[in-house]
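Participant: Sequence:
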Amino acid sequence: METFKRFPENPVLSPNPAHPWEAAGAFNPCVATNGTQYHLVYRAFSEPLEHRGVHFSLSTIGYAAGDDPLRFGEHRQLIVPEHDWEAFGCEDPRITFFEGKYYIFYTALSTFPFSADGIKIGLAVTKDFVTFEKHPVTPFNSKAMMLFSERVNGKMAALLTVNTDRPPAKIALALFDREEDLWSPDYWDHWYADLDRHVVPLLKRTQDQVEAGAPPQRTPDGWLFFYSYIANYRSGWDKVFGVHAALLNADDPRQVIGKTKEPLIVPEKEYELHGLVPNIVFPSGALIVQSKKALLYYGAADTTGAIAGMELAQLLAELRPEPPTSIHRLSEKNELIRFTGNPIIEPRAELAWEAKATFNPGVLYEDGRMHILYRAMSEDNTSVFGYASSRDGFHIDERPNAPIYVPRGPFEEKRIQNGNSGCEDPRLTKIGDRIYLYYTAYNGAEPPRVACSSIAVSDFLAKRWDAWETPRAISPPNYDDKDACVLPKKIGDHYVILHRLGRNVCIDATPEPILPPGRWLEGMTLFGPRDDKWDNVKVGIAAPPLETPDGWLLLYHGVSHPGNIYKLGAALLAKDNPADVIARSDTPLITPEMKYEREGQIPNVVFPCGAAVVNGTLFVYYGGADSVVGVATADLAELVASLRKL
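So for the sequence shown, my numbering puts the first residue at 24; every next one is plus one.
Hints listed in this document are in silico derivations from the structure and should not be mistaken for laboratory results. Each hint should be verified, as a subset may be incorrect.
Said to hold, decoys possible - Simulated DEER-style distance windows between Cβ atoms: (1) P40 / L218: 53 to 61 Å; (2) G123 / S258: 27 to 35 Å; (3) L299 / P162: 25 to 33 Å; (4) E105 / A139: 37 to 45 Å; (5) N176 / I439: 42 to 50 Å; (6) S314 / D609: 54 to 62 Å; (7) N176 / N441: 53 to 61 Å; (8) R75 / S314: 42 to 50 Å; (9) D415 / F79: 54 to 62 Å; (10) I439 / P190: 25 to 33 Å; (11) L218 / V636: 34 to 42 Å; (12) A41 / N441: 55 to 63 Å.
As the list claims (entries may be wrong) - Here are the simulated DMTMM-like cross-link-like pairs (lysine to aspartate or glutamate), alpha carbons at most 25 Å apart as the crow flies: (13) K513 / E570; (14) K668 / D603; (15) K178 / D482; (16) K282 / E341; (17) K282 / D649; (18) K316 / E334; (19) K453 / D489; (20) K282 / E345; (21) K618 / E203; (22) K453 / E492; (23) K486 / D217; (24) K556 / E661; (25) K561 / E622; (26) K124 / D275; (27) K668 / D609; (28) K28 / D244; (29) K178 / D140; (30) K561 / E389; (31) K28 / D325; (32) K486 / E369; (33) K227 / E622; (34) K262 / E285; (35) K157 / D212; (36) K598 / E389; (37) K486 / E436.
Source: prediction; values computed, not measured. Positions of the beta carbon are idealized from the N, C-alpha and C atoms, including for glycine.
Construct the complete structure from the given sequences, taking the supplied hints into account.
Facilitator: The following block contains the structure:
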């Protein structure tokens with residue numbers, strides 16, 4: 024896409040030697056308007072001076088006004104340190120006009136030398152830019168707070184960056200019933216205790232850093248939000264500052280509808296490359312002008328302020344999600360059709376439990392929604408299950424910030440520090456009024472085992488995740504057994520369980536959907552690898568089999584040599600006797616080809632654990648390179664017919 028175009032008169036803010044309070048820097052501008060006048064606030068950086076017994080350059084907040092969002096009049100000093108909680112500086116203001124008042128949040132520095140505990144948020148409220156009501160806001164390390172210009176579901180709303188100086192920083196949403204809650208210590212203590220629930224997930228990698236940028240702007244598609252993304256912030260490599268944009272859900276701004284894949288601006292111009300802190304562009308303000316133009320106000324090299332802009336329609340088009348895949352038939356290569364918006368689920372680095380990887384999803388279509396349970400992995404290699412759902416099968420429109428299933432048994436609780444452990448590769452089956460969860464349980468010290476739990480359908484749909492039954496391991500100890508599921512109906516007098524022992528897919532029968540206590544899976548081989556085909560190393564089930572008029576459609580993964588490549592194939596099992604394999608695909612349905620399938624924790628892997636059929640279309644959900652989640656589709660009847668021909 025075409026990125027923002029810089030204003031030809033940049034920089035629009037520059038240090039002024041005639042004003043000692045802004046002689047060293049005038050940067051990080053933010054603008055608000057009441058519809059008739061534009062009010063500019065910015066960080067002013069003084070020449071070195073004596074302040075409270077310390078010799079240093081002091082930050083205060085400057086101000087200018089104008090009738091034009093691009094040009095402003097005379098500068099004056101607006102906000103200066105007055106209280107102990109802001110004693111050593113007022114930095115980086117964000118201003119919003121809201122219900123007749125201007126709310127100016129800023130970074131308040133209470134200690135020198137500067138330290139995380141002394142870097143918090145302050146607030147100045149004014150109607151006339153002459154008199155102010157000031158408050159200390161957050162009791163914890165934080166920066167870059169900004170108020171939304173409209174209420175969100177009847178509440179005042181703000182974004183802020185938490186733990187900025189104790190990374191990983193997290194951009195989070197706060198909602199307030201009353202104005203007084205903005206500076207209430209009791210409110211913030213409760214809010215901070217449940218921080219992860221409020222996070223707006225924008226961080227791609229734990230070695231990077233995010234910081235809230237400009238106050239969100241309302242658009243017909245949602246809230247347009249510019250933020251700072253600093254690549255390699257924690258890695259020791261060269262830091263790269265970029266400006267990104269996200270589109271946030273209008274009713275729940277924690278939900279990210281879309282975000283730019285590449286930065287809109289990176290340091291390129293002389294005034295961005297050289298200054299007090301070189302190679303920095305930092306978003307601090309935004310406006311939408313006449314519903315057509317998006318203006319971005321930003322700091323350059325921590326010295327000057329600049330403006331850039333682009334057509335709003337063009338930017339929103341970039342941020343809107345990809346449309347659903349319209350071709351559901353098999354491709355010319357007899358493969359499933361990948362969704363062009365893949366991956367649909369990626370790690371949220373702000374959330375420790377899924378910061379490393381999100382992959383291998385199970386799925387259940389129920390109550391008009393696709394319910395997805397995915398394997399999430401933390402940096403210490405503990406696996407849990409996260410939840411997401413989608414109304415159209417492609418776009419995630421619900422994804423809580425906490426896991427819904429965690430290790431609870433000795434067969435899955437970590438035994439080796441930082442070793443792999445936990446709950447892996449979920450598969451879901453609905454039988455009657457219960458949902459059965461089969462998964463791989465691993466404690467890191469013993470071979471993986473098949474474990475299972477269940478939950479009432481009503482509890483599942485109501486998201487009462489504490490209603491999961493206590494898990495049980497149903498495969499014998501000291502045997503590597505995994506990739507398991509139960510069929511959704513009895514065959515004769517028994518339920519059928521599929522699982523993988525060694526290199527083979529195996530089959531068991533049981534009178535109940537879960538084996539009774541004291542009995543282990545045994546496993547008769549259903550089928551194994553084929554030396555002369557694409558699945559010549561080992562095989563294991565993918566999703567629980569789907570019933571069709573021609574038999575049970577079993578998707579399975581096969582590993583091929585050379586390369587140890589995980590591919591997806593299909594088999595057709597007899598309807599009344601699933602131990603009878605009618606056909607197996609001669610060629611894979613998906614081979615790792617896309618970057619997100621070839622590069623990740625384990626390269627060259629497509630690994631589905633879930634599939635569902637909606638109006639004749641088969642949706643297959645899979646892990647890519649043990650790192651992300653993708654979805655692919657096909658016409659179910661066509662796929663089954665292709666197997667019948669073999």
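Participant: Next step is simple, just say for each hint if it's right about the structure.
Facilitator: Each hint, compared with the structure:
no. : hint                    : in the structure
1   : P40 / L218: 53 to 61 Å  : 43 Å, violated
2   : G123 / S258: 27 to 35 Å : 46 Å, violated
3   : L299 / P162: 25 to 33 Å : 30 Å, holds
4   : E105 / A139: 37 to 45 Å : 23 Å, violated
5   : N176 / I439: 42 to 50 Å : 46 Å, holds
6   : S314 / D609: 54 to 62 Å : 56 Å, holds
7   : N176 / N441: 53 to 61 Å : 42 Å, violated
8   : R75 / S314: 42 to 50 Å  : 47 Å, holds
9   : D415 / F79: 54 to 62 Å  : 56 Å, holds
10  : I439 / P190: 25 to 33 Å : 27 Å, holds
11  : L218 / V636: 34 to 42 Å : 40 Å, holds
12  : A41 / N441: 55 to 63 Å  : 58 Å, holds
13  : K513 / E570             : 12 Å, holds
14  : K668 / D603             : 17 Å, holds
15  : K178 / D482             : 30 Å, violated
16  : K282 / E341             : 8 Å, holds
17  : K282 / D649             : 23 Å, holds
18  : K316 / E334             : 5 Å, holds
19  : K453 / D489             : 18 Å, holds
20  : K282 / E345             : 12 Å, holds
21  : K618 / E203             : 49 Å, violated
22  : K453 / E492             : 15 Å, holds
23  : K486 / D217             : 19 Å, holds
24  : K556 / E661             : 22 Å, holds
25  : K561 / E622             : 21 Å, holds
26  : K124 / D275             : 24 Å, holds
27  : K668 / D609             : 11 Å, holds
28  : K28 / D244              : 23 Å, holds
29  : K178 / D140             : 29 Å, violated
30  : K561 / E389             : 32 Å, violated
31  : K28 / D325              : 20 Å, holds
32  : K486 / E369             : 22 Å, holds
33  : K227 / E622             : 15 Å, holds
34  : K262 / E285             : 15 Å, holds
35  : K157 / D212             : 20 Å, holds
36  : K598 / E389             : 23 Å, holds
37  : K486 / E436             : 24 Å, holds
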